[in-house]
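*Asks:* Those protein sequences? They're chains A and B, same order as listed.
Just so it is clear: in the first sequence, position 31 is 31 by the working numbering, and no numbers are missing.
Every position in the second sequence, counted from 1, becomes a number in the working numbering once 1000 is added.
Just so you know, these hints were derived from the structure itself, not from any lab.
Just so you know, not all the hints are guaranteed correct.
As the list claims (entries may be wrong) - Interface residues of chain B toward chain A, partial, derived using beta-carbon atoms under 7 Å:
(1) 1076
(2) 1080
(3) 1081
(4) 1107
Unchecked claim - For each label pair, taking beta carbons as the anchor points, the in silico distance ranges come out as:
(5) B/1049 / A/40: 30 to 36 Å
(6) B/1161 / A/28: 55 to 61 Å
(7) B/1247 / A/40: 49 to 55 Å
(8) A/92 / B/1031: 56 to 62 Å
(9) B/1168 / A/10: 40 to 46 Å
(10) A/102 / B/1049: 23 to 29 Å
(11) A/8 / B/1188: 15 to 21 Å
(12) B/1165 / A/40: 53 to 59 Å
(13) A/87 / B/1135: 53 to 59 Å
(14) A/28 / B/1098: 36 to 42 Å
(15) A/53 / B/1049: 31 to 37 Å
(16) A/53 / B/1254: 19 to 25 Å
Claimed, not checked - Straight line, CA to CA, 30 Å or less: simulated BS3-like cross-link-like pairs of lysine-lysine:
(17) A/32 / B/1441
(18) B/1121 / A/58
(19) B/1011 / A/71
(20) B/1444 / B/1310
(21) B/1035 / A/71
(22) B/1011 / B/1038
(23) B/1185 / B/1444
(24) A/58 / B/1310
(25) B/1038 / A/34
(26) A/58 / B/1035
(27) B/1113 / A/85
(28) B/1113 / A/34
In this text, all values refer to a predicted model and were calculated from it rather than measured experimentally.
Just so you know, even glycine gets a beta-carbon here, dropped at the ideal spot from N, CA and C.
Residues per chain, in single letters:
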Amino acid sequence: MAREQLQTLTEPMYYILLALTRECCGVDVMDKVKTLSGGRVQVGPGTLYAMLSRFEEKGIILRTAEEGRRKSYIITDTGREMLQKEYARLKTMVEDGAPYVDG
Amino acid sequence: MVRNQKRVFRKFSYRECDRFAAFLRGQSLKGWHFKEWKMGLVFEKGEKRDVVYDVQVFPEGSENDYTPAADEEYSDYCEVAGWELVDGQRRFCIFRRHGEDVVPIVTEEEKLKNVCTAERKQWLRESLSYALLAGLFLCQYILWPVSAMHFYNNMIMFIVCIAVIRLLWRVADGIWLSWWAHGQKKKLADGEAITYDRAGMQKNILVSLREDLCLGILFLLAIQAGYGGIAIGFLLFMIVLVGAEALISYLRPDKGETWMTQLGIGLVTLLMAVVVVAIVLGDGGFETGEWSAGGEVPLLQEDYKDVPGKMEIEDYFHQKGVFGEMFSFWIRYVPEDELSNEERSGMSGEEAERWEAWQWEETDFLRYEVYQSLYPWIVERTWDVTVKDRELEECTAQWDAVYAGYWEGGGCYYVKYEDAVWMVDTGERLSDGQVEILREKLEKAGRDAPHESPTRK
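Between the sequences and the hints, there should be enough to build the whole structure, so can you do that?
*Replies:* What follows is the structure, given as structure tokens:
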């Protein structure tokens, strides 16, 4: 996937990066995403595997440890920057929409 | 005796991954639970249970994978999410669900992308090999053939037709695949659910030409064309190939070992093929032999000129196909005082060379090929291939033909009629009277075909 395509994060991407703001084992990411989104977002194992591979390849996350079959990851500065941009974009969208939607 | 295990040899395409999962679920409902994928799908007898399976397509995998393409990390994530990886081959990974509230392994978009990628890769791989084969056969037998004999051989024509039909079929399947992928993407965009339960054209259309049926016909045609020894050798070779494939499927080498194992088994298969060919050759499968005139030979030197020596048929060939019929003779008149093997072995090198040169000079050769077809295109192609770029001195009137020419370089006459092509290598220019005899004899031979083979000496 081209870098440009990762500029706007999808919902699962956003929550996976949120989960990895603290070092976390790959298998625990699924639970963490569910908790962070209040059960609203659930990431399938295949989706998670593909995204972690892609994020790692693009330098958005970093593999920190590999104990047997368990691999841990953490977000990189690049990833954090992307997350902040996405957060700001979403925040702007909410602020822009508030006067019209909230009345 | 009650069977506790059974093997099912059923194939599914990637576009049928949901049907595959439903099939496994259906077997579990009957009390047969999927155990492993080892030389077919292996099921174990157990209690009848509703087991839910999910068959995923792993695009990173390869068609040569005999173990699951998904790595340990992937299967760990699935395990935690409630999906147990049971087994897999090629790009397929089979999961068994445990628990009720489980998240799908991938999203619908990802699944479609994975299936399309895998199908496209497989299509490309197969189509390239079909294109290569069809191209090779077309060049070798139709476009730039070495000999016109191929046009009159049913077996070769069948091979060419099958290769071309299968290639066209692959092209049609590729169009079908693109159309299918486009339709599914549209469905997904419209929020409709996608079910992967349809195979490609190859499996869906009954008229699809199956490899085994083609091979069966090929085998019969080979026997009919007089290639019995080669046909049996080919059949044995196919059995060896199937056996090798079954062995690989049973051993199931992992990714690292796959190429080494396949190479090893490939070499053993090749060696066995060489042995088979050697046996066939040893049995006289390709032997042309020497023939005597037990049957009637259509044309001899003595029919149109005085020739001393003993007549021998050096070579004889006859075949009949859907596009026509051809026969060829190569006749020589050897000087009567030909030496025996014992006498020859007693000669010095120089003497032997001198004797051979004398014999060659004194031997009279006649070679002719007669091709007959009702199809003008075949006649034209036969003419082009037979004459090639030879410069001919026209003698159409002498042969009363559509075109006839004499090739000075080879001492051959090339004659074309509306429904026949003749090549007569007399080694010398003939008079009108001699040509008249040749025409009469060869026309009669053409009318009387098929010829009875002269009996073997």
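*Asks:* Hint by hint, note whether the structure agrees.
*Replies:* Hints, one by one, checked against the model:
| no. | hint | in the structure |
| --- | --- | --- |
| 1 | 1076 | holds, 5 Å |
| 2 | 1080 | holds, 5 Å |
| 3 | 1081 | holds, 4 Å |
| 4 | 1107 | holds, 6 Å |
| 5 | B/1049 / A/40: 30 to 36 Å | holds, 33 Å |
| 6 | B/1161 / A/28: 55 to 61 Å | holds, 60 Å |
| 7 | B/1247 / A/40: 49 to 55 Å | holds, 52 Å |
| 8 | A/92 / B/1031: 56 to 62 Å | holds, 59 Å |
| 9 | B/1168 / A/10: 40 to 46 Å | holds, 42 Å |
| 10 | A/102 / B/1049: 23 to 29 Å | violated, 53 Å |
| 11 | A/8 / B/1188: 15 to 21 Å | holds, 20 Å |
| 12 | B/1165 / A/40: 53 to 59 Å | holds, 54 Å |
| 13 | A/87 / B/1135: 53 to 59 Å | holds, 57 Å |
| 14 | A/28 / B/1098: 36 to 42 Å | violated, 19 Å |
| 15 | A/53 / B/1049: 31 to 37 Å | holds, 35 Å |
| 16 | A/53 / B/1254: 19 to 25 Å | holds, 20 Å |
| 17 | A/32 / B/1441 | violated, 95 Å |
| 18 | B/1121 / A/58 | holds, 25 Å |
| 19 | B/1011 / A/71 | violated, 36 Å |
| 20 | B/1444 / B/1310 | holds, 25 Å |
| 21 | B/1035 / A/71 | holds, 29 Å |
| 22 | B/1011 / B/1038 | holds, 13 Å |
| 23 | B/1185 / B/1444 | violated, 68 Å |
| 24 | A/58 / B/1310 | violated, 86 Å |
| 25 | B/1038 / A/34 | violated, 38 Å |
| 26 | A/58 / B/1035 | violated, 38 Å |
| 27 | B/1113 / A/85 | holds, 28 Å |
| 28 | B/1113 / A/34 | holds, 25 Å |
Figure legend: structure checked against the earlier numbered hints; hints not met, in rising order: 10, 14, 17, 19, 23, 24, 25, 26.
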